[in-house]
Amino acid sequence: MSDSKIAVTRLGTGGPEVGVQGLGCMGMSQSYGPTTDTDEARATLERALELGVTLYDTADAYGEGRNEKFIAPFVKAHREEIVLATKFSLGTDPTDPTKRTIRNDRPYLRACIENSLKRLDVEAIDLYYMHRRDVNIPIEETVGAMAELVAEGKVKHLGLSEVTATELRTAHAVHPIAALQSEWSLFSRDVEARIVPAAAELGIAFVPYSPLGRGFLTGSFADAEKDLGADDFRRRQPRFNGENAVTNGALLEPIRKVAEGRGATLGQVALAWVQQQADVHSLSVIPIPGTRRRSRIEENVGATRLILTDSELELLDPIAAQVVGGRYADPAFSSAGRE
1 MSDSKIAVTR LGTGGPEVGV QGLGCMGMSQ SYGPTTDTDE ARATLERALE LGVTLYDTAD
61 AYGEGRNEKF IAPFVKAHRE EIVLATKFSL GTDPTDPTKR TIRNDRPYLR ACIENSLKRL
121 DVEAIDLYYM HRRDVNIPIE ETVGAMAELV AEGKVKHLGL SEVTATELRT AHAVHPIAAL
181 QSEWSLFSRD VEARIVPAAA ELGIAFVPYS PLGRGFLTGS FADAEKDLGA DDFRRRQPRF
241 NGENAVTNGA LLEPIRKVAE GRGATLGQVA LAWVQQQADV HSLSVIPIPG TRRRSRIEEN
301 VGATRLILTD SELELLDPIA AQVVGGRYAD PAFSSAGRE
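For what it's worth, this note's numbering labels the leading residue of the sequence shown as 1, then goes sequentially.
In case anyone wonders, no lab produced these hints; they're calculated from the structure. There could be a bad hint or two in this list.
Stated by the list, open to error - Have a look at the derived ranges for each label pair, beta carbon to beta carbon:
no.: 1; residue 1: His78; residue 2: Asp37; range: 28 to 34 Å
no.: 2; residue 1: Thr92; residue 2: Val246; range: 32 to 38 Å
no.: 3; residue 1: Glu50; residue 2: Glu225; range: 17 to 23 Å
Stated by the list, open to error - Lysine-lysine pairs mimicking BS3-like chemistry, simulated, CA-CA at most 25 Å apart:
no.: 4; residue 1: Lys69; residue 2: Lys118
no.: 5; residue 1: Lys5; residue 2: Lys118
no.: 6; residue 1: Lys118; residue 2: Lys226
no.: 7; residue 1: Lys76; residue 2: Lys118
no.: 8; residue 1: Lys156; residue 2: Lys69
On a predicted model such as this, the values are computed, not experimentally measured, just so you know. Yeah, the Cβ is synthetic: ideal placement off N, Cα and C, and Gly gets one too.
Based on the sequences and whatever the hints tell you, model everything.
This is the structure we're talking about:
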């Protein structure tokens with residue numbers, strides 16, 4: 001494929017310029033089975049940068065800190081070329097390692113930032129997200145504590161993940177929020193009702209995670225329980241198993257039709273749709289599909305140059321309303337119930 005770099009956009013009002021597509025690094029350390037070829041994963045980071053991908057997304061929760069350590073050498077080698085994003089607030093329940101805890105309190109935040117800075121071997125984080133909302137702590141208190149990190153030079157810009165429009169407005173009034181990260185794809189469009197308009201109004205960039213529906217939209221698996229390994233977390237997600245998987249699998253047909261007509265892959269059509277929402281909703285949109293392979297990076301980046309026609313968009317539009325099954329087995333991981 002061509003090595004010409006992708007277009008750029010701005011990460012929120014006053015934020016840095018980044019490529020219009022980022023890279024989610026989580027899968028290199030957890031959730032999608034073991035990374036058996038770490039050399040290929042590291043080469044994927046490098047290939048992404050060659051193609052103009054400059055926003056790299058990790059979190060302290062990914063592999064219990066292993067993901068931050070994994071990408072640290074790449075970050076150090078290219079510190080001035082990339083925008084580094086990481087997150088805090090998710091931990092592991094000490095009584096049950098399979099369960100996550102959510103904490104937004106100041107002492108926990110303080111411990112998290114120091115640990116992330118150490119693991120990543122950097123002096124400052126470019127974009128620091130609150131990964132999930134602890135509803136027991138006022139969001140203005142948490143963002144106030146995050147703002148202290150900006151004043152101290154440990155963080156450059158603030159981000160939030162899976163918050164409501166009201167929570168976003170409250171937070172932004174305390175300190176400017178550069179980016180909002182939530183799930184947004186052809187299968188998950190609930191954000192368009194309130195939070196996307198709020199972000200557009202406030203000049204906040206939207207960073208869709210799982211823009212490929214955790215791989216389901218690419219057709220790479222049909223039923224998580226049957227097709228994926230025992231340690232793959234998608235086996236626990238309602239929409240990818242049993243009758244839900246059968247129903248949702250049929251919804252790929254319009255995507256397949258568009259892909260065949262354009263000589264593209266299903267994944268490219270799904271990503272092109274997400275990228276095009278920037279024009280539809282008048283805000284910066286930087287999806288962060290994840291991968292461990294250079295070939296997939298090249299495929300994903302190719303989607304930034306695919307412009308869907310009005311008739312193609314019309315064909316894809318009804319998909320999300322027909323999806324069955326929730327995004328998560330645990331509703332605490334989604335902001336939808338708080339809107």
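**Prompt:** Are the Cα positions of lysine 76 and lysine 118 separated by 25 Å at most?
**Reply:** The hint holds at about 12 Å.
**Prompt:** Range hint 32 to 38 Å: satisfied by the CB atoms of threonine 92 and valine 246?
**Reply:** Distance hint for threonine 92, valine 246 holds at roughly 33 Å.
**Hinted pair lysine 118 and lysine 226, Cα distance within 25 Å** = 40 Å, violated
**Pair hint outcome, lysine 5 versus lysine 118 [Cα-Cα no greater than 25 Å]** = Distance of about 31 Å is beyond 25 Å: violated.
**Asked** Falls inside 28 to 34 Å, the C-beta gap from histidine 78 to aspartate 37?
**Response** With a Cβ separation near 21 Å, histidine 78 and aspartate 37 fall outside 28 to 34 Å, so the hint is violated.
**Item:** Restraint check for lysine 69 with lysine 118, where alpha carbons must lie at most 25 Å apart
**Value:** 9 Å, holds
**Message:** Hint check: lysine 156 vs lysine 69, CA-CA at most 25 Å. Holds or violated?
**Reply:** Answer holds: lysine 156 to lysine 69 is near 20 Å, not above 25 Å.
**Message:** Looking only at beta-carbon atoms, does the pair glutamate 50, glutamate 225 fall within the given range of 17 to 23 Å?
**Reply:** Check failed, 37 Å falls outside 17 to 23 Å.
Against the hints set out earlier in the document, violations occur for numbers 1, 3, 5, 6.
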